[in-house]
Amino acid sequence: MPSNYFDKMYDYAVQLINAGLAYVCDLSADETREYRGTLTAPGTESPYRKRTIEENLDLFLRMKNGEFGDGSKVLRAKIDMTSSNINLRDPVMYRIMHADHPHTGNKWCIYPTYDWAHGIEDSIEKITHSICTLEFEDHRPLYDWFLEQLKIHHPRQIEFARLNLTFTVLSKRKLLQLVEEKYVSGWDDPRMPTISGLRRRGYKPEIIRNFCEKIGVSKANSTVDFALLEHCIREDLNVTSNRYMGVLRPLKVVIENYPDEKEEELTAVNNPADPNSSSRVVPFSKVLYIEQDDFMENPPKDFYRLAPGREVRLRYAYFIKCINVIKDSNNNIIEVHCTYDPETKGGNAPDGRKVKATMHWVSAKHAKKIEVRLYDRLFTSEFVENEKDNWKSCINPKSCEVLKESFCEPYIANLKLDERFQFERLGYFCADSKDHTIENPVFNRIVQLKDAWEKIKKKMGNSIIN
Amino acid sequence: MNENIESIRVNFIKNIITEDIENKKIEKVITRFPPEPNGYLHIGHAKSICLNFGIAKDFGGICNLRFDDTNPVKEDMEYISSIKEDAVKLF
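Protein chains in written order, with the numbering used here: chain P, 1 to 466; chain G, 1 to 91.
Relax, there's no trap hidden among the hints.
In the DSSO-like style, the derived pairs of lysine-lysine whose C-alpha atoms are separated by at most 27 Å in a straight line are:
(1) P:182 - G:74
(2) P:204 - P:416
(3) G:28 - P:219
(4) P:151 - G:25
(5) P:327 - P:369
(6) P:8 - G:74
(7) P:172 - P:182
(8) G:84 - P:174
(9) P:182 - P:398
(10) G:57 - P:204
(11) G:74 - P:64
(12) G:14 - G:28
(13) G:89 - P:214
(14) G:25 - P:126
(15) P:126 - G:28
(16) G:14 - P:214
(17) P:8 - G:28
(18) G:84 - P:172
(19) P:126 - G:14
(20) G:57 - P:214
(21) G:28 - P:151
(22) P:434 - P:369
(23) G:89 - P:416
(24) G:57 - P:126
(25) G:84 - P:214
(26) P:8 - G:25
(27) G:89 - P:174
(28) G:89 - P:172
(29) P:174 - G:74
(30) P:204 - G:14
(31) G:84 - P:434
(32) P:64 - P:151
(33) P:398 - P:450
(34) G:25 - P:219
(35) G:74 - P:107
(36) G:89 - P:204
(37) P:219 - G:57
(38) P:214 - P:172
(39) G:74 - P:172
(40) P:369 - P:404
Don't read these hints as lab results, they were simulated from the structure.
Just so you know, these numbers come straight off a predicted model, no measurement behind them.
Can you build the whole structure from these sequences, using the hints too?
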């Protein structure tokens, strides 16, 4: 902790006073600002700049001993009030603050400024390379000046461009506002760009490290596309994650020609992207759930999934054909009735006939009810920082959709708690580290799969959505 | 070994450090990551953590996690423990 170095910092300050390189200044904060000048106008020397070394030593000791009130005096470095670098215009090293410190208690009532403290901390710790963001580039001459005058170990300061990401904010003040004003559930909300938020979202440490490696390090400011972060995790999950079946918005399917009490155990590959993948069994029975989106009563030309009279493949199971649609009194579809072809077990027809769609499903009798949280980007604007004071107006109102009536195959009970997996065709998911229990499973969507259908929908506008 | 040297020369900071070692300006690399304990770490800090801890690892040096406590403000233990957890888990 830097507060351990307070004694040493004080001694170094006395060393500078003795060398005639620091003085106690009585100007008020406003006056100090006025004397400092501007980017275009040089500063003016403080009337206290000519104090003798003896006077400065005495006053600084009395500052330390608590003889003066807050803000009444400061210790400043004596450098150059006409420097083109404002940081070198006699910067403040110590200010008076009668306040208790969490580690040093009331021992001190003078506290070092960042510029004074930071170089000394680096030096004491024998840092060889002090790496910081670009906004400290203009502070480097001051960093160097202090260490040169003190003739102590002198680390090399190197600046790099900080990370900017599209569709998010990375200012601590703004992130705090998101938390305090309850736009998110906390610092570790899975939509937050915080490390704990990303972790809860399902980002493993190696993904973040890989992302940092990919974006590289440079001196030029730039904004990295959020999609690159998503790309990094998708690339990893495609290879490493098992596939399971889950239905987010269930629609009941009844297979009319399937025996009422019959049950089958079908074999499903856990990860088709891995040639050495293990497999599991998935139960099949007469009543199933499919995704509401996978059925259309009056399908447009480009819709190949289930529709009246049409045959599709149920993944790892059979071909089914829709023969009837059951509706409630409000004309909402509540059930779809189908027949299945027992010859197509495993997913292929012996007579060679083809179907254009393969859909995921779960057996209603065996399904486990789950809560699913579908996360999207927290902001609708690509460059949130450009929105200035309006930044909160581009918070995405649909950044979290909670579905409490989703279902998944029973195998999910065997999941390891930190396992990331794919719900086939829906995206990559993981158990929520805070709210998930075996009894009440809660899954976060880490990232979507690329969705060709969405693209077609966009191209054609809303006309095809019923 | 050659591969190692190649992977070290991926950014300009690593190049500078490699030169400093070759010119015998330094022996053991020591970097630091100095967060202020007034919020949670975010992906921007991750870049700095990966850089500082990554350099220390690549060059067989060390990286100090240093909490800036030069100001007499109340410390929020929530922030301090979260920062420790995040930095440790990331590296």
